[in-house]
Amino acid sequence: MIVDRLKRIAPSLLVLAAIIAVWWLAVVLTESAIFPTPWQVVTGAWELARDGTLWEHIGASLLRVGVGFGMAAVLAIPLGLWMGWVAGAYRMFNPIFQMLRPISPIAWIPIAILWFGVGDLSPIFLIFISSVFPMIVQTTSGVHTIERRYLRAAANFGVSRSVLFRRVVIPAVLPEIIVGMRIGIGVAWLVVVAAEMIALRSGLGYLIMDSRNAGNRYDLVIASMIIIGLIGLLLDSGTRLLERLKPVRWRYVR
Amino acid sequence: MSAKAIVVSGIRKSFVSGKASLPVIDDVSFSVGDGEFVAIVGPSGCGKSTLMNIVAGFERSDQGSVRVGGVAQSGPSPKGIVISQYGSVFPWLTVQQNLMFGLNGDQHGDKAALADHYAAIVGLKGFEASYPHELSGGMLKRVELARAFVVKPDILYMDEPFSALDALMNLRMRNELLRILDEERHTVLLITHDVEEAIYMADRIMVLSPRPATIQASFEVDLPRPRKLSSALAQALREAILKELGL
Chain A
53 MIVDRLKRIA
63 PSLLVLAAII
73 AVWWLAVVLT
83 ESAIFPTPWQ
93 VVTGAWELAR
103 DGTLWEHIGA
113 SLLRVGVGFG
123 MAAVLAIPLG
133 LWMGWVAGAY
143 RMFNPIFQML
153 RPISPIAWIP
163 IAILWFGVGD
173 LSPIFLIFIS
183 SVFPMIVQTT
193 SGVHTIERRY
203 LRAAANFGVS
213 RSVLFRRVVI
223 PAVLPEIIVG
233 MRIGIGVAWL
243 VVVAAEMIAL
253 RSGLGYLIMD
263 SRNAGNRYDL
273 VIASMIIIGL
283 IGLLLDSGTR
293 LLERLKPVRW
303 RYVR
Chain B
310 MSAKAIVVSG
320 IRKSFVSGKA
330 SLPVIDDVSF
340 SVGDGEFVAI
350 VGPSGCGKST
360 LMNIVAGFER
370 SDQGSVRVGG
380 VAQSGPSPKG
390 IVISQYGSVF
400 PWLTVQQNLM
410 FGLNGDQHGD
420 KAALADHYAA
430 IVGLKGFEAS
440 YPHELSGGML
450 KRVELARAFV
460 VKPDILYMDE
470 PFSALDALMN
480 LRMRNELLRI
490 LDEERHTVLL
500 ITHDVEEAIY
510 MADRIMVLSP
520 RPATIQASFE
530 VDLPRPRKLS
540 SALAQALREA
550 ILKELGL
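So the protein sequences, as listed, match chains A and B. No gaps in the numbering here: position 212 of the first sequence is 264 in this note's numbering, and each next residue is one more. No gaps in the numbering here: position 200 of the second sequence is 509 in this note's numbering, and each next residue is one more.
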């Protein structure tokens, strides 16, 4: 059992070890004064963790993502269901959303600052903007791809519109909604770091810029990057846990 | 068999694509008695499924009328449940929830108990809490049958119901269906391309012509049950039907 697991993760551990070795060697050989060795990154991260600033920055970033993503989900899921179900709503909104969707959230930064200043609201707005469209699109296409045989069966049993929606449409779309949430939270995490680099005084994005500006502390820059990656991984696996729920398992088996 | 469960008269249907109009059903009339088991056999692509969709209320004919239980067919309803080849058991509901799906309103009493009763009848006892993806193809078919029987429909419309199953399971489900029909008398309209399936189960067999479909021949199946397909009478009937189909 344990041997099997080791065998499975061994190749990726090997790659990781090789990267660290090459990195270390390169820093030592080039005698770089600024670029840190892996060990300096570890001690830098430890320093931040001990004095508590790391947790404050992580907390600030997660709070912004939580609020922005939460608001986006609350709007996108009902709107996506409505657009999927009512053809008129789809024709009305879809062209606008399709045009807004390819605009990088970064392009909204000047407008965010203009409207919401340089406080917490700006990044929350940017996260909202970045995650709302993928969730709308995914939910809508989920409704459009419900297999007709299920709708026919529901019509055959003569269920009311509300039962049709609660017992057939929503459960049929739920797996797509979860996919939309995975995409949404992924984009949100990308955007929060970028947004925090601009004007804020907290968050992991700010930590990166601040570490560079305050005396080229590249050990902290790289430590922050690694932490951002790890938290992104955790967020994604957290959303993936939803795929294990019994009423959506059918979509992911086989 | 005096009352007529289904009366179809003079149905025509064409599909229009662009400027071309493709006639699919050309003047089909027949009736099905109350409690009768009628099979319609025909070559694939002859318009069998379209005919069933019209009779069950999912599509409208261009001409002619369909009367079900004495009234004009106005759309799908729980009085006639369709069981098709593809299956439509909801994968997000458990077996029991699927069986309770059609039980709307308060006139059904203890819905869970009723669902469990029919689960037991089709041999799904112990699987009430299972999800469809945990079941085999044959068991899924049983869920679909039970879900139909729970709402006590007057008519079962079966469109190649067992053709997606393997050969052995197909044979087993025929017997299961007949056994349940013995307990709960329903009118059945079966559409199939399998002549032996029709002979094994039906009281009467209608043969459809190639498109546009018309009723080409009709056979009473006057064989004692349980039927033996190897009997001389069954074989003679099979030959006669295949001959109508041009084989």
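No lab work stands behind these hints, which were simulated from the structure alone. On a predicted model such as this, the values are computed, not experimentally measured, just so you know. Backbone N, C-alpha and C define an ideal beta-carbon position, used for all residues, glycine too. There may be inaccurate statements among the hints.
[Claimed, not checked] Reference excerpt, derived from the structure (chain A facing chain B, CB under 7 Å, subset only):
#1 A85
#2 Y202
#3 N208
#4 P223
#5 A246
Evaluated hints:
1. The interface hint given for A85 (chain A) is violated, since its Cβ lies 60 Å from the closest Cβ of chain B, which is over the 7 Å cut-off.
2. For the restraint placing Y202 (chain A) at the interface with chain B, the shortest Cβ-Cβ distance is roughly 6 Å, inside the 7 Å limit, so the hint holds.
3. The closest approach between the C-beta of N208 (chain A) and any C-beta of chain B is roughly 5 Å, which is under the 7 Å cut-off, so the hint is satisfied.
4. Contact between P223 (chain A) and chain B, as hinted, is supported at the beta carbon level, the nearest pair being about 4 Å apart and thus within 7 Å.
5. At its closest, the beta carbon of A246 (chain A) sits 38 Å from a beta carbon of chain B; the interface hint therefore is violated under the 7 Å criterion.
Violation of the numbered hints given earlier is confined to hints 1 and 5; the remaining hints are satisfied by the structure.
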